[in-house]
Every structure is written in C-alpha cells, then in structure tokens.
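Participant: Listed below, chain by chain, are the residues.
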Amino acid sequence: MKSFKYILIFPVLFIAIFFLASCNTKEPSKNTEVENNIAISSDKPVVLIYYFHLTNRCPSCIAIEKATLKTINTYFAEEQKQGRIRFQALNDDDTANNEITTKYQAAGSALFVTQLFKGKENTSDLTGDGFKYARNKEDKFIEILKNQITKYLNF
Amino acid sequence: MKKFLIVLPVFLLSLVLFAQVNQKPAANPKLKVYYFHLTNRCPTCIKIEATTKKVLEENFKAQLDNGTIVFQSFNVDVPANKAICEKYQAYGATLALTYNKDNKEKIEDLTNFAFAKIHTEAAFVNELKIKINSLIK
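So the protein lines, in turn, are chains Z and S.
Residues in the first sequence are numbered from 1 upward in steps of one, following this note's numbering.
Residues in the second sequence are numbered from 1 upward in steps of one, following this note's numbering.
Be a bit skeptical, because a hint or two may be false.
[What the hints assert, rightly or not] Below, computed lysine-lysine pairings styled on PhoX-like, alpha-carbon distance capped at 20 Å:
1) Lys82(S) / Lys137(Z)
2) Lys82(S) / Lys140(Z)
3) Lys140(Z) / Lys53(S)
4) Lys70(Z) / Lys146(Z)
5) Lys131(S) / Lys137(Z)
Hint data in this document are derived by calculation from the structure and do not stem from the laboratory.
Keep in mind the model is a prediction, meaning the values are calculated, not measured.
Same shape as in the complex, but just chain Z (with noise of 0.2 Å):
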C-alpha cells in the first residue's frame, strides 16, 4: 500500500516540477520577439532602425532622432504601418535595454538600419553620418538614411 503511494507521488510531484520549471523559463526580450515575428512572416525586406542614446543627450544626438523621425515619416509612412519598418528609440543606461545595447556594442549615442530578410540580417552604421550632418545639413543626412532604408527595403 506504501509503495501505490510512491507510485502516485511521483507523477505528480515530476507534472508539479515540470510546470514550476516552464513558468520560470525566461521569456525572450521583447525586441527578439519582434525582430522573429518579421522575420519568420514576412517574404519582403523589414527595416529595423535603432537610435541608442544616453540619458544626458548633447544637441547633436538629438538633432539624429529628430532627423530620423522625419525621414521615416515624410518617405516611408506607409512602409511603416504595414510593418516593414520599425523604429525603436533606446536609452542606453536603461538595463532592459542591455541586451540590444550589448548585440549593436552601442556605447553611446548610435543609429543603425538592419534589414532582415530571408533570416539574415545586414545592418549599416548610420552613427558617423548623423553626427556629421543631422544638426546643420539635415537634408544631406535624410537623403542618405532614405537611400540606405530605400536599398534594404527593395533588395
């Protein structure tokens, strides 16, 4: 009789582990999942623009996000509501960020384009053009993101 006790303590005791065990597994971050959610349905190029920046933000840095903003909204509107471009502004003293920060080794203030297609992702440093020119030359500055956006979207 001891041991049909044993033999029904196990089963439940090995489900009870087993669901403690799933309910404890780390999610993935939530920028994993949505660069996996495109990659996985969509047959077309995604672009994904990250703008890392510090919590104390020089002019420059700014003037970048500003820029940025700008180009995906006065030429890609409508690539972005279907998805196909996705922007994300990222504090890099924010620790939820760190897995991000740690993947692009944004340090500081950054801008990168990655597009992802078929799987694979290719990414671009927009960070020295930017600082170059989005604050006194902001056209030149949006005209090379809108070339850069452009080439990813329709490789």
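Starting from the structure of chain Z, add chain S where the hints point.
Facilitator: Below, chain S alone, put in the same frame as chain Z:
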C-alpha cells in the same frame, strides 16, 4: 574703474575671437589630420579627438615635430572656419585625413569609422595607426 570693467571683458573676448580666427589650416604637410566639432560636444566627440591626438603623439611624434603630419581641430560654429568646413562637408563632428596622390589632393572621411570604433579604443587606435602609416609612406 568703471571704464576698466567694461574694457577688460571686451579685450578678453577679442583675444578669444582672434585665437579662433587664426585657426588656419596648415601649409603643405604630407598628411593633414583634421577634426571638426560643434561648440556643444558629447563625450564621444571629445573622446574621438582626444584619442586621435593620443595616437599621433604616441606613434608619430617625429612626424608631428618635423611637419610631415599636422593635426588641427576646427569649431564648425565659428564663422571664420566656414570655408574649410564647406570644403570638408563638415557640418558636425567629422574626422578627415588629407593627403596627396598622383599630385592630387585626396580627402578620406573617417567619421563613420571613428564613431563606430571609438568605444573599442584598441581597435580605433590600431586601425587609425595603420591608416596613417599607409598614407605617409
């Protein structure tokens, strides 16, 4: 005394402006390393300039002393620097190398490289050293 209090700041201001106006590009060295920046600078921009200077001073001291290489930095916001900023298309932080090839002046823009690599300082230093060495041969 009142006059002196008015004259002194004006005198100091004119000294500062005079110093900025006199940031003229160097005569004719083999390699010009120019760094452009705005008045309000972020830590990354400051680090690029400081590390570039460090690379030059630690590895190319003799060339700096004999004029083979010159380093200069320009404030983009200073009107006196407008012409050189236009030439280098430097409207914000910009790192550029200027050299001669086949009797023609060539400009290599290292801004994207600088902002991409500066946070891994060893890589920045190493690649900049190789680049400079190749241009002063």
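Participant: If a hint holds in the structure, say so; if it doesn't, say that too.
Facilitator: Right, here's what the structure says about each hint:
Using a Cα cut-off of 20 Å, the hinted pair Lys82(S) and Lys137(Z) holds, with the two alpha carbons roughly 13 Å apart. Of the pairs offered as hints, the one joining Lys82(S) and Lys140(Z) holds, with about 17 Å between alpha carbons and a cut-off of 20 Å not exceeded. Between Lys140(Z) and Lys53(S) the CA atoms are separated by roughly 29 Å; this puts the pair beyond 20 Å, and the hint is violated. Taken as a hint, the Lys70(Z) and Lys146(Z) pair is honoured in the structure, with Cα atoms around 10 Å apart against an allowance of 20 Å.
Between Lys131(S) and Lys137(Z) the CA atoms are separated by roughly 28 Å; this puts the pair beyond 20 Å, and the hint is violated.
Checked against the numbered hints given earlier, this structure breaks hints 3, 5; the rest are met.
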